Each structure stands twice: as structure tokens, then as C-alpha cells.
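Residues per chain are reported as follows:
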Amino acid sequence: GAVVSQHPSRVICKSGTSVKIECRSLDFQATTMFWYRQFPKQSLMLMATSNEGSKATYEQGVEKDKFLINHASLTLSTLTVTSAHPEDSSFYICSARDRASGRNEQYFGPGTRLTVT
Amino acid sequence: AQSVTQPDIHITVSEGASLELRCNYSYGATPYLFWYVQSPGQGLQLLLKYFSGDTLVQGIKGFEAEFKRSQSSFNLRKPSVHWSDAAEYFCAVGGITDTGFQKLVFGTGTRLLVSP
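Sequence lines, in order, name chains A and B. Counting in my numbering, the first sequence runs from 1 upward without gaps. Counting in my numbering, the second sequence runs from 1 upward without gaps.
The shape of chain B in the complex, shown without the other chains (with noise of 0.2 Å):
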């Protein structure tokens, strides 16, 4: 069965630092892999996605992952953070419901926390 690992629960990061968001798979096909973020009380906003092609992705907001098959990662980074992008941030993997389906495993988050 699919799962991914978060495992960073929180992370604080000054405003203008870098920012790297692991997050593990296990998948045993070509996994489709997501990142999500969600404000308070919010919905999912798609950040970015890998389906197959350039292992380097780029998304919304400056934010940018990177497939690594051998490690089975697909971290989320960002250059320089700002405060805005304190929030949930959840990795996701497209996987195979027991009947079929097709459908999103999440992982359990990690809460961005952004200090001035």
C-alpha cells in the first residue's frame, strides 16, 4: 500500500532563510507526487506536482521539489521564505484505492512556522 512520511512535525525558519520540507514515499510504481499547502481553517492549494519527465520541479509561490527515485523523496524547497508562507504544508502520493480507484495518500503535515 502507498504511504508517505513527514518527518517534521514543525519547523520555524527566519524570514529570508532557505527552506527544505522532507518527504518519503513508498509507492511500488511511478508514483504521482504532490505537494499541498493549507492555511488555517483552509483548503488544499496545489504548490506543485511530479508525474514523469524533469525530476526537478517548479511551482507556485517560488516553491520547487525534487524527485529522487534512489531515496524515494520528493522534498519541497524554497530560496527565501517570507512570512506568508507560514502554513501546513502536506506531501501526497497518487496511488490505487482496494477497488480500484484512484486516489491521493496524504502524509501527516509539517506547520511551517515563519520568525521575523
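Only chain A is shown next, with the shape it has when bound in the complex (with noise of 0.2 Å):
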């Protein structure tokens, strides 16, 4: 139980245009999804915080305009990084809470790598 997947896995975009990452709960409901970012060889930071039917919460630091979030559903939540640059290339990691449990537990996806050429 608990499988969080995402799509595409790996992405390969020109400089200038958008890419959408998904993430979804296969086997749960998740009222809340966090996506991460992790450079090589570093650990990973928290971008936003993301909840169904409403706006996400973005960390300080983190261009909400250029990485888009949007939790459509309860077992759904896109990422999209509006006019890439080779900067924005990274892994991207999704995660989803439980809305069954109480704790703070997050389930991981299994990451995409996204390079911008």
C-alpha cells in the first residue's frame, strides 16, 4: 500500500518551454503532496506544499510563477516549470500524506529527472 508514482521519469526540454511532472496516489487519498527538489549529490528541498482544492505554499525562495502546482484531485498533484532554463535542470521528487492517517508520514515518488538543454 502507500505507492506514490510519478510521470514522466525522465524529461529532456529546450530552454523556453514548459514541462508538466505529474504525481499521483495510487492506493490512497491524499489531502496534501510536497514536491522537492534535489540537486546532485545534496539532499532534498522542499519547493511547496500542495493541497487539494486550493492554492499551493511555496518555501521562500521558490518562484511560484516558474514552478506551477496545481492539486486538481485527491490523487493528483502536476508540477509544471513554466519556460525552463538549464538552471531549473534537477530531481524532481513528489510526496503525499495519507488523508486516512494522522501522522506526519509522507510517501515517496520515485523522482523525475528533468534536464534542460
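Each hint should be verified, as a subset may be incorrect.
Said to hold, decoys possible - No farther apart than 30 Å at their CA atoms in a straight line, the calculated lysine-lysine pairs in the DSS-like style are these:
#, chain 1, residue 1, chain 2, residue 2
1, A, K66, A, K41
2, A, K41, B, K68
3, B, K49, A, K41
4, A, K20, A, K41
5, B, K68, B, K49
6, A, K64, A, K20
7, A, K41, B, K61
8, A, K55, A, K66
9, A, K55, A, K14
Said to hold, decoys possible - A few chain A residues that face chain B, going by a derived Cβ cut-off under 8 Å, partial list only:
#, residue
10, Q42
11, L44
12, I93
Unchecked claim - Simulated restraints on C-beta separations:
#, chain 1, residue 1, chain 2, residue 2, range
13, A, S18, B, P79, 43 to 51 Å
14, B, Q71, A, S54, 19 to 27 Å
15, B, S70, A, T117, 46 to 54 Å
16, B, Q42, A, T117, 19 to 27 Å
17, B, Q71, A, K64, 33 to 41 Å
18, B, P7, A, P86, 27 to 35 Å
19, A, L68, B, I9, 32 to 40 Å
20, A, D27, B, I60, 14 to 22 Å
21, B, Q42, A, G61, 23 to 31 Å
Everything labelled a hint here was simulated from the structure, so no lab data went into it. All of these numbers come straight from a predicted model, not from anything done at the bench. C-beta atoms are modelled at their ideal positions from N, C-alpha and C, and glycine is treated no differently.
Fit the two chains together into the complex; they arrive one by one in their own frames, and the hints show the way.
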């Protein structure tokens, strides 16, 4: 149980284009999903917290107009990197909290490797 | 604010030897503590977690961790390491964002290398 998927697993795009990454909770409902960014050989940095049916809450220093987050249903959140630049190349990981669990436990997706050329 | 320190960037252990990965945290209240493992190019897998109760926590793959409040530590241990344990290990503490949401704060990770 508690499986989170991400699609795509890898994506290469050209500078200036936009790319959308999906995060799905497959066997549970997730009122809250989180988006992290991980640079090579570094830790995960929280970018934003996404709550179903409301606007995402971004961490300090994260451009909300560049990283658009939509949490349209209890099982799906999307991250759109707009006008991508090479410095946006990174490993993006989502996680989800089980609605039925009151505990601070997150289930992580397998990640999406974004390369901007 | 919450923070997590993993003082060892790399650790090399011989296969079959014991392992201890260090984790120190800073948090004002009783923390939720986690250890995750990440293989190259993969997402994170939860090894174990501490919320309350018994301070010695058993996890998957033969790992355990001990919560020591007096030392603000949550070190990960395994009595006998296997070559498949080579990976990146992250300690995390559950906290609250500036806007009141719960979030995880991760340490910088420790890369475990297993020698034959």
C-alpha cells in the first residue's frame, strides 16, 4: 500500500519550453502533496506544499510563477516548470500524505529527472 | 526552525561489518524522526520512523535506530551490512512550515559504500 507514482521518470526539454510532471497517489487519498527538488549529491529541498482544492504554499525563494503547482484531486498533483532554463535541470520528487493518517508521514514518488538543454 | 545534521558525508564499511550512521536534530517539541534510503536515480524509501513510545525502533532490511532525547540524536544501525545496502541515507525530522503545514526537513545525507 501507499504507492506514489510520478510521470514522466525522465524528460528532456529545450530552454524556454514548459514541462509538466505528474504525481499520483495510487492506493490512497492525499489531501497534501509535497514537491521537492534535489541537486546532484545534495539533500532534498522542499519547494512547495500542495493541498487539494487550494493554492499551493511555496517555500521562501521558490518562484511560484515559474513552478506552477496544481492539486486538482485527492490523487493527483502536477508541477509545471514554465520557461525552463538549464539551471532548472534537477531531480524533482513528490510525496504525499495519506488522508486517513493523522501522522506526519509522507510517501515518496520515484522522482523525475529533468534536463533542460 | 527545525534542522538535521548528518556529520558524515561518506562512510565505507566492509561487507558483514556493523554500521552506524549519525543523525542529530534540532526541534523545539517532540520530533517525528525518519530515516530514508535512496538508491541512485531513485526516490526515497522509508526505512523506519519514530513518533513516540519505545526509543529503539526497528525498520525494514534489518535496520534499527535509537532516539536519544538527551543527545538530540537518532542514529541508524545495522549489525551486518550487505553489499546491497550501498546507497544514500537521509535522516529527516517532521516539522511545521512557516504557514503552519507539516513538512519534512532533511539532512544532507550520508553515502554508504560497502567494500568486499
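Against the structure, the hints:
no. : hint                       : in the structure
1   : K66/A / K41/A              : holds, 24 Å
2   : K41/A / K68/B              : holds, 28 Å
3   : K49/B / K41/A              : holds, 23 Å
4   : K20/A / K41/A              : holds, 24 Å
5   : K68/B / K49/B              : holds, 14 Å
6   : K64/A / K20/A              : holds, 14 Å
7   : K41/A / K61/B              : holds, 23 Å
8   : K55/A / K66/A              : holds, 15 Å
9   : K55/A / K14/A              : holds, 28 Å
10  : Q42                        : holds, 7 Å
11  : L44                        : holds, 5 Å
12  : I93                        : holds, 6 Å
13  : S18/A / P79/B: 43 to 51 Å  : holds, 49 Å
14  : Q71/B / S54/A: 19 to 27 Å  : violated, 40 Å
15  : S70/B / T117/A: 46 to 54 Å : holds, 52 Å
16  : Q42/B / T117/A: 19 to 27 Å : holds, 24 Å
17  : Q71/B / K64/A: 33 to 41 Å  : holds, 39 Å
18  : P7/B / P86/A: 27 to 35 Å   : holds, 33 Å
19  : L68/A / I9/B: 32 to 40 Å   : holds, 34 Å
20  : D27/A / I60/B: 14 to 22 Å  : holds, 19 Å
21  : Q42/B / G61/A: 23 to 31 Å  : holds, 26 Å
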